[in-house]
Structures are given as structure tokens and as C-alpha cells.
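Peer 1: Here the protein sequences come in this chain order: A and B.
Numbering-wise, the first sequence is residues 9 to 107 according to the numbering used here.
Numbering-wise, the second sequence is residues 2 to 388 according to the numbering used here.
Fair warning: there could be bad hints in the mix.
Unchecked claim - No farther apart than 25 Å at their CA atoms in a straight line, the calculated lysine to any residue pairs in the SDA-like style are these: (1) A:LYS106 to A:ASP62; (2) A:LYS91 to A:GLU30; (3) B:LYS37 to A:VAL68; (4) B:LYS227 to A:PRO21; (5) B:LYS322 to B:THR150; (6) A:LYS56 to A:ASP97; (7) A:LYS43 to B:VAL304; (8) B:LYS322 to A:SER95; (9) B:LYS37 to B:ILE388; (10) B:LYS227 to B:THR139; (11) B:LYS322 to A:ALA33; (12) A:LYS91 to B:ARG228; (13) A:LYS91 to B:ALA387; (14) A:LYS43 to B:LEU107; (15) A:LYS56 to B:TYR374; (16) A:LYS91 to B:VAL304.
Stated by the list, open to error - Ranges of calculated distance between the beta carbons of each label pair, as one might list FRET restraints: (17) B:ILE162 to A:GLU23: 43 to 53 Å; (18) B:LEU308 to A:GLU38: 31 to 41 Å; (19) A:LYS56 to B:ILE272: 42 to 52 Å; (20) A:ASP37 to B:ALA387: 41 to 51 Å; (21) A:LYS56 to B:GLY67: 47 to 57 Å; (22) B:LEU152 to A:ASP22: 33 to 43 Å; (23) A:LYS56 to B:ASP220: 49 to 59 Å; (24) A:GLY27 to B:PHE216: 49 to 59 Å; (25) A:SER95 to B:ALA10: 30 to 40 Å; (26) B:VAL172 to A:LEU99: 36 to 46 Å.
Stated by the list, open to error - To give an idea of the interface, some chain B residues facing chain A are shown, with a C-beta separation under 10 Å as derived from the structure: (27) ALA35; (28) ALA91; (29) ARG228; (30) GLU324.
By construction, these hints were calculated from the structure, which means they are not laboratory data.
All values derive from a computational prediction rather than experimental measurement.
Positions of the beta carbon are idealized from the N, C-alpha and C atoms, including for glycine.
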Amino acid sequence: MSTPEWEDVVEMPDELDDGTAEALAEEADEFQNMKGEMCPYPQVEAKKALSSLDHGDLLVQETDHVPSTENVPKAVEDEADAKVWRSGDGLYRIFLHKR
Amino acid sequence: MSTLLIAAAVGIALGILFQKGRFCFVHAFRDLFAFKDTRVTKGVIAATGLTMFFWSVAYALGYYQGFWTPGWGLTGLIGGFIFGIGMTYAGGCASGTLYRAGQGYLHFWLVLVSMGVGYAVFTVAFPTLQSLYFDPLTFGTGFTLFDSTPLPAPVVAVLFIAGFLAVYATVLGREGKGREKTKTPDAASVALAPSATVSGLRSLYDGTVEYLRGFTEIDDLRSAAKRPWDPRTAALGITVVAVVWFTQVSIVGVTGPESRWTAYLLQTVGIDSGSYEYWGSVLFAGDGVSITVDMVMIGFVIVGAFLAAFWSGDFRLRVPKRERLPNAVGGGFLMGVGSRLAPGCNIGNIYSGIAELSVHSFIAAAGIIAGVYVMTHWLYRDVGCAI
Numbered sequence: 009m010s011t012p013e014w015e016d017v018v019e020m021p022d023e024l025d026d027g028t029a030e031a032l033a034e035e036a037d038e039f040q041n042m043k044g045e046m047c048p049y050p051q052v053e054a055k056k057a058l059s060s061l062d063h064g065d066l067l068v069q070e071t072d073h074v075p076s077t078e079n080v081p082k083a084v085e086d087e088a089d090a091k092v093w094r095s096g097d098g099l100y101r102i103f104l105h106k107r
Numbered sequence: 002m003s004t005l006l007i008a009a010a011v012g013i014a015l016g017i018l019f020q021k022g023r024f025c026f027v028h029a030f031r032d033l034f035a036f037k038d039t040r041v042t043k044g045v046i047a048a049t050g051l052t053m054f055f056w057s058v059a060y061a062l063g064y065y066q067g068f069w070t071p072g073w074g075l076t077g078l079i080g081g082f083i084f085g086i087g088m089t090y091a092g093g094c095a096s097g098t099l100y101r102a103g104q105g106y107l108h109f110w111l112v113l114v115s116m117g118v119g120y121a122v123f124t125v126a127f128p129t130l131q132s133l134y135f136d137p138l139t140f141g142t143g144f145t146l147f148d149s150t151p152l153p154a155p156v157v158a159v160l161f162i163a164g165f166l167a168v169y170a171t172v173l174g175r176e177g178k179g180r181e182k183t184k185t186p187d188a189a190s191v192a193l194a195p196s197a198t199v200s201g202l203r204s205l206y207d208g209t210v211e212y213l214r215g216f217t218e219i220d221d222l223r224s225a226a227k228r229p230w231d232p233r234t235a236a237l238g239i240t241v242v243a244v245v246w247f248t249q250v251s252i253v254g255v256t257g258p259e260s261r262w263t264a265y266l267l268q269t270v271g272i273d274s275g276s277y278e279y280w281g282s283v284l285f286a287g288d289g290v291s292i293t294v295d296m297v298m299i300g301f302v303i304v305g306a307f308l309a310a311f312w313s314g315d316f317r318l319r320v321p322k323r324e325r326l327p328n329a330v331g332g333g334f335l336m337g338v339g340s341r342l343a344p345g346c347n348i349g350n351i352y353s354g355i356a357e358l359s360v361h362s363f364i365a366a367a368g369i370i371a372g373v374y375v376m377t378h379w380l381y382r383d384v385g386c387a388i
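Bound-form chain B, shown alone (with noise of 0.2 Å):
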């Protein structure tokens, strides 16, 4: 009972941070693409740091109940970069449909039973799939770094996280530098400038302490609270949720229990879905067909959604435009598909996959942001990509 409350807690938490900081992966990956713009970037950045920071403490302690680490290959690659295509068309990932499910879209209610109509597929052709694709496409066991070399889980952290932001703060670095010589390109003071990593740092470092001074800067709290959020402010409140979760159930997933709402609206309609090899022992693990505490949970995202959304003045019925269906259609059933074949969607990837630094998480993320890339440049074919 205690652990359905929890879900519950956690469900509304993160759906009204899904909403109020527009944690959309499409959103934070297509718009750096097309026109570089970073705002929902930087909070999948600054969520994916800070989680793995804090799981990599709860895990050395022992508060935990346990990693999600699939077998690493290209299955990753090749799902990832189906569900990157299919999210980008689709409009929004898996934790964007959610929380635009619960906001009003007609459109994102189409997407959720496109997808699961993707995942159904997907369970009738797994046995197929099985021998045709995961095995020989499988390269080996799942792991994550953090229990894969002898320093504490912390140290692991702290390292990835410290030469990410160096590379981050080197592209920044350079970006700047460019930005200068066109302005004034004068040999000297390029020569005297200080490296891209330092110049770079310093504007992360900048860039931090605006982003904090932004918030003494709030004088009507209620109504700041109303307009959106930074997703860096989302950011910072979905990991302290992550962790709750992380500490009681697990890591955060999508797809996963979406595809067992699948099987269980199926099963009371009267289809045998414990029977098909997928659900019944991949999913349900032989345990049967029923709600389980993670399906709560993502129900609950819709309902958090929903309440932050009426409370700021965003929430709507919107009926899609009838040409926008073939992108919930398509987009929705290659998110099922796509996330299956993967496995994992973008919060359960790069998310929740890359703060618990799982192998094949990695792989599967370069997949997913690689498709976003291709279909961005389809859907702007007409006016061009910044990048």
C-alpha cells in the first residue's frame, strides 16, 4: 500500500514538472538541431548530471533496489534510432506525450494507442524477433560502469560527470572563440585568449550564477509559478524525485509500462495477452498479467500533468488539425515498435540509462538523437537546419 502511494507521490510530481518545464527530448534535441536553441537541453543535461551524482550515492550506500541494464548491441542503435525518427515525427517523446496527454492533446491520446498498437506488434513477431534480431544483434551482457571498475560508484560519477562538462565547456569554448574573430578578428588578443575549456567554463560558470540570480529576482512567486518553468528548475525537481523512486521502486522508465498497460487493457477485453511469450515472461516475468507499481506510476504522470496544466491556464481540449494524423499515427506506432526493438525510450535511455551509466544506454541514446537529427532535416527540408 505504501509503495502505491509512493507512486502515486511520484507520478503527480513528475507530471507536473514534465509540464511546467516542457521536459520534451524532441523539444531539447530537434530545436539544438534546427535553430540551436539549448533551454530544454540544458535541463535534460543538468537532470541526467545531477540524478546520476545522487544515484551514485544512494547505490554506494546500499539504497537501492536495483539497475535496468539490458544486453548491449546494436539493437540499441537500430531501435534507438526508430524511436528518434518516430518521436520527432510524432511531435514528442515518451515523457512529452504524457504530460501533453494529461494537458489536453487530443493529438498525444492518439500517440499513447498508436504506440500501443506498436508495442501489440512488436509482442506477436518477439518470438521472431528473438532469433532474428536480440540474438544476433545482442553482443553481450548488460553492465553499468558504476559497479565495473574498483573505484566507489561516487568516483565513477564525479569522473563522467567532471569530463563531460569539460568537453561540454570546450565546444562552448570554441563556439565563443568563432564568435569573437568573426566580430574582431585580432591576431593578439586570440593569441593572448585563454584555452576554449577555460573560456568555456567560465560561461558555464556565468551562465550558473545568472540562472540562480534569476530566481531572487522572482517578486510574485504564485505567478512566476504559473508562467513555464526553466527546465533547469524541472530539472532540479525531477532528481530529487528520481531518487525517491530510486531508493523505493526503481529507475524511472516509460515504455516499459506503457507496453504492460498494453497487455492489461488487452487482458480485460478478453484477450489472453499473459499468454504471448512477451508480456506473459518478459515483462510480467511469469507473475500474470496485472497493475503493477510502476504502471500506477505513469498513470499518475497524465494526472500531474493535468493538474499543473489547469492551475497555470494551459490546459485545453486541442483537436489536432486532420493532417497532423498520419504524424500521431506513424510517430506513435514507430515509438512502440522503436522502443521495444531497443529497448527503452528516451527517459528510460538517456535519462534514467545514462545516470545509472548503463552500456547499453549509451549505445541506444546515440541511436535515438541520431534519428531525431535525420527526421529534423526532413521536416525542415524547406527552410534548413542551423546544424
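Bound-form chain A, shown alone (with noise of 0.2 Å):
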């Protein structure tokens, strides 16, 4: 496992469409509600969450917190893989695939 690198390119994790969100929620092995929290407690409860999944499965959060779109993807970019759907109305859900 390589440990973040101080001066990578935070790429901003790809975005989902409407449909293939909804589809992918159905395949969620874990799915945690974090409406109404701050960070950094999401980051730490995906950091958690994703030591105890297998290798591919899926880890969805669904968060009201804008800032959680970027800064929990990059929290765990060494173990999961993550996209972003946006509702348009300040809801998103974050999928993270396990590696």
C-alpha cells in the first residue's frame, strides 16, 4: 500500500448520473447516513467502515455535507476507488469500491 504523496493532483472524483447512482445504491454492501455530521467524522467512519469490507465490495455514504465530496474520497484514495452523485439540491451519495 502506498502511503498519500504530499504534492499529488487532487483530482475531484468522477460525478454519476441520476439513473446509475440509483442503480449502484442497490448494490451497496454498507450504506451510512451521514446527514446532519461534520467532518472530519465521516472521513474517520469510511476509514473504519472500508477496514472491514472485502476487496470490491461497496461502500455508499449518503451526506448533506458539500465539503465530504472531496475530502472522503481523498481520505481513503489508497483503499477504495470513489464517485460523486450530486441531487442538485445540497443531497450526495459518495460510492466507494474497496480495492
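Assembly of the complex is requested from the two constituent chains, each provided in isolation within its own frame, with the hints serving as guidance.
Peer 2: Structure (C-alpha cells):
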């Protein structure tokens, strides 16, 4: 496992359209309701959940905290591939596939 | 009247830029310590460096209203540390709290109220603190490095920025080299490699070019503007706004005006807040408790953040989880008290204070960052931090 690098160019995670996000959410192996949460609790919870999931499993976080859509994927970038869905009215889902 | 219009325009612009750039100093330093994320940190560094240069030019040309240079000493370290602990626990710094209040977070309205309680408690305790805390712990009168050398202010600013870049590039270069060594342990290539500073400067240059090239790849400006912005883009805008404010009113501060709002709001419910020494003679300087131009500006930051969030589809009335209430109440209170004990918040000390090269603010910034470091390690105690 590589350690996070100081100077990596941080790309924003890919965004999903409504249909794909809906279908993908059904496949979640673990779902975390992070509505009303503040940083850094979603990052910490995502790290904890991923450590108990298996390779290829899908963790979905539902959140209303905008910064989480960037810093949750960044916090677990060595463990999971991330995609994000934006509802357009302040609700988001973060899809994390464990590598 | 025209000053009020400037205050409204500056406040709205700052609110939009804070919201779009997620200009939160907790994010900037907590995520750096926790998992080496420098996205927002770079925005903070860019805004501070650019503002420092343009303020020094405005100062040298005489287009400025005044600096904010409190006396220097251990108060900056202690108050800054308390503020840093508080803002990391609350989940948002002074600017982050303001823009998220506009974005519909009830959590951050509660943080604002709790900061108000902190300001009020501090004000009541001020006469005692004056003799037991400020007098013994303040070592000298405040000053800015802009006018403490025979060099013109812009030269001082450029030297400071160059010195900072050299250190930053060296750290970057060392990190990069450490990375290469672990990948290819080849003694010959390491011996031939340029110094850490040079390779760091090169990667800094490449990063800037890549950032600028990002603008040419925007095909739909409207949808790109609706997505979150690179914090460095917000930094450019914040610099422009801060120069306008510096030439017309003052440096940019947040918790000073908020503390004045507390006095004003308490007065409207019948409390004679002007009779307290801290509010009456220090913050309002004997002019009576009324709405000042910087209070108007801070109020419009919330309005600007609301407009940006609403337009971007990020506005939502967000109800906090019950277990986050201690964060809002406790964190907000520590922010209120800490920002008065320092004095100054992350905007006053890290952004404006370093940009105006105030000696007090270097000490307070160190205190704030130390507070973030300690609190981040506590919040991440189960999963561990990278730094």
C-alpha cells in the first residue's frame, strides 16, 4: 500500500448521473447515513467501514455536507475508488469501491 | 453611504468566494495532518502570499487605511491554540462557519451563537484578564515588518514570499525524492539529481502551469462555475476583494466584527453592553455601540454564501445530528473565547495578519495550527494521522 503523497494533483471524483447512482446504490454492501454530520467524522467512519469490508465491496455514504464529497474520497484514496452523485438540492452520495 | 455599499459588495463577494472555494482553514490544516491533502492549504497559501504583495504595494503608494497590529507575546500562542482546538472540534473556522451559515447549516448558526456566548463571557472577565493575562503575557507593542526595515514594503514582501517559496520547494523536493528512492533505489541517479529546492521549485512551476491549463479545458463555463472551484481560484478573487477593502476600510477580520455584533444584539434586548470596558472602550473605542462598517461586511458574507450555494444547488436547510451538538456548542465557545484571548481568528491572524506581516499574527498563527494539530490527532485517534 502506498502512502498518500504530499504533492499529488487531487482530482475531483467522477460524478454519476441520477440513473447510474440509483442502480449502484442498490448494490451497496454497507450504507452509512451521514446527514447532519460534520468533518472529519465521515472520513473517520469511511476509513473504519472500509477496513472491515472485502475487496470489491461497495460502501455508500449519503451526506448533506458538501466538503465530504471531496475529502472522504481523498481520505480513503489508497483503499477505495470513489464516485460522487450530486442531487442538485444539497444531498450527495459517495460511492466507495474497496480495492 | 458609499462605504456601506463597498462593505455590502465586499461581503457578498467574499461570501461567494468562501463558499465556492470551500475556504475553510480547518479543512486546510486538518486534512493536511490527517491525510496529506493540500488542496485547500494551497488556496490559503496563494491567497496569503498574493494579498501580502498587493497590500505592500498599496501601503507603499499610500492607498491604505491602517494595519491591525496588537501587542505581541504569549497571548497569541495561548489564545490561538484554544481557537485552533475549538474550530477543529466545531468543524469549521471563522470563515468556514460564516459561509456554511449562509449555506443552510443549522449546526453553524449554533456555532455562531456559541461564539457569541464566548465573546460575552470574555467581555465580562476582561478587567480581570487584563491584569492577570494580557499585562504579564504581552511582551511588546505590535508592529508590521513592512515598516520596520529601511527597505520599501514591496521589497520586504517579495523577500518574504521568496524565502517562503524556497522552504516550501525544499520540503516538496525532499518529499519527491523520498518517493523516488523508495521506488528506484539507484544511487547514481540520486547523486545526479538536482537539489531538493530546485526539484521542488520545478514541481511547483509544473503544478502552476497545470492549474492554469485547467482554465483552457473548461468547455462549459456555467456548469464549471456551479461545481466547487479550485481553492486557488477563490484565492485570486479573495486577493482582489481584500485589496479593495484594504484601500477603503481595513484588513479583513471576522471575529472582531462578530464580537461587536454580540454587543449590538445584546443592546437591542436591553443590556447596556457599552458599559463593559471591552466592548465600550476597546472594540467600539468609546464611539458607542452601533453598527460599524465591518459588521455590515461580515453580515453580507453570509448573504453572498447563500447566493452562491443556492445558485450552485448546494443550499439546503441542514439539521445537525444530535451527537454533534457538543461540537457546535463547545467548539463555538472555545472559538469565541480563544479569538479574544489571542486576539484574532484564522482570518485576522493567518490570512490578513501574515499578509500584513504583523509579528503578533505569526505567533497566533503558530498557536492556531498547533491547536488544529492536537485536535486532529484526537479526532483521528481510531484510524491514525499521516503527519
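Peer 1: State for each hint whether it applies.
Peer 2: Consistency of the hints with the structure:
For the given pair, LYS106 of chain A sits about 7 Å from ASP62 of chain A by alpha-carbon distance, which is consistent with the 25 Å threshold. Distance restraint check for LYS91 of chain A and GLU30 of chain A: the Cα-Cα separation of roughly 13 Å lies within the 25 Å cut-off, and the hinted pair is therefore satisfied. A distance of roughly 23 Å separates the Cα atoms of LYS37 of chain B and VAL68 of chain A; the hinted pair therefore holds under the 25 Å criterion. Pair hint LYS227 of chain B plus PRO21 of chain A holds up; C-alpha atoms about 16 Å apart against a cutoff of 25 Å.
The hinted pair formed by LYS322 of chain B and THR150 of chain B fails the criterion: a straight-line CA distance of about 53 Å is larger than 25 Å. Taking the CA atoms of LYS56 of chain A and ASP97 of chain A, the gap is near 28 Å; set against the 25 Å cutoff, the hint is violated. Note on LYS43 of chain A and VAL304 of chain B: the hinted pairing holds, with a Cα-Cα distance of about 24 Å set against a maximum of 25 Å. Between the alpha carbons of LYS322 of chain B and SER95 of chain A the distance comes to roughly 21 Å, so the proposed pair stays at or under 25 Å and holds.
With a CA separation close to 7 Å, the supplied pair LYS37 of chain B and ILE388 of chain B stays within the 25 Å bound. Distance check on the hinted pair: LYS227 of chain B and THR139 of chain B sit about 46 Å apart at the alpha-carbon level, beyond 25 Å; violated. Restraint check: the Cα-Cα separation between LYS322 of chain B and ALA33 of chain A comes to about 23 Å, which is no more than 25 Å; the hinted pair holds. Using a Cα cut-off of 25 Å, the hinted pair LYS91 of chain A and ARG228 of chain B holds, with the two alpha carbons roughly 15 Å apart.
A C-alpha spacing of about 23 Å is found between LYS91 of chain A and ALA387 of chain B, which places the hinted pair at or below 25 Å, so the restraint holds. With a C-alpha separation of about 12 Å, the suggested pairing of LYS43 of chain A with LEU107 of chain B holds against the 25 Å cut-off. The hinted pair formed by LYS56 of chain A and TYR374 of chain B meets the criterion: a straight-line CA distance of about 21 Å does not exceed 25 Å. Distance check on the hinted pair: LYS91 of chain A and VAL304 of chain B sit about 31 Å apart at the alpha-carbon level, beyond 25 Å; violated.
Range check, ILE162 of chain B to GLU23 of chain A: about 36 Å between beta-carbon atoms, so the 43 to 53 Å window is missed. A hinted range of 31 to 41 Å holds for the C-beta pair LEU308 of chain B and GLU38 of chain A, which are about 37 Å apart. Distance hint check: the CB atoms of LYS56 of chain A and ILE272 of chain B are about 46 Å apart, consistent with the given range 42 to 52 Å. Restraint check, ASP37 of chain A to ALA387 of chain B: a C-beta distance of roughly 26 Å breaks the suggested window 41 to 51 Å.
Our hint of 47 to 57 Å for LYS56 of chain A and GLY67 of chain B holds, since their Cβ atoms are close to 50 Å apart. At roughly 50 Å, the beta-carbon separation of LEU152 of chain B and ASP22 of chain A lies outside the given 33 to 43 Å, and the hint is violated. A beta carbon spacing of about 39 Å between LYS56 of chain A and ASP220 of chain B contradicts the range 49 to 59 Å that was offered as a hint. Checked against the given bound of 49 to 59 Å, the beta carbons of GLY27 of chain A and PHE216 of chain B, roughly 31 Å apart, lie outside it.
For SER95 of chain A and ALA10 of chain B, the Cβ-Cβ distance of about 32 Å falls inside the hinted range of 30 to 40 Å, so the restraint holds. Taking the beta carbon of each, VAL172 of chain B and LEU99 of chain A are about 39 Å apart, inside 36 to 46 Å as hinted. Nearest Cβ of chain A to the Cβ of ALA35 of chain B: about 6 Å, under the 10 Å cut. The hint holds. Interface restraint check for ALA91 of chain B: the shortest CB-CB distance to chain A comes to about 8 Å, inside 10 Å, so the restraint holds.
For ARG228 of chain B, the interface hint holds, the least distance from its beta-carbon to any beta-carbon of chain A being 8 Å, beneath 10 Å. With a least beta-carbon distance of about 9 Å to chain A, the hint placing GLU324 of chain B at the interface is held under the 10 Å criterion.
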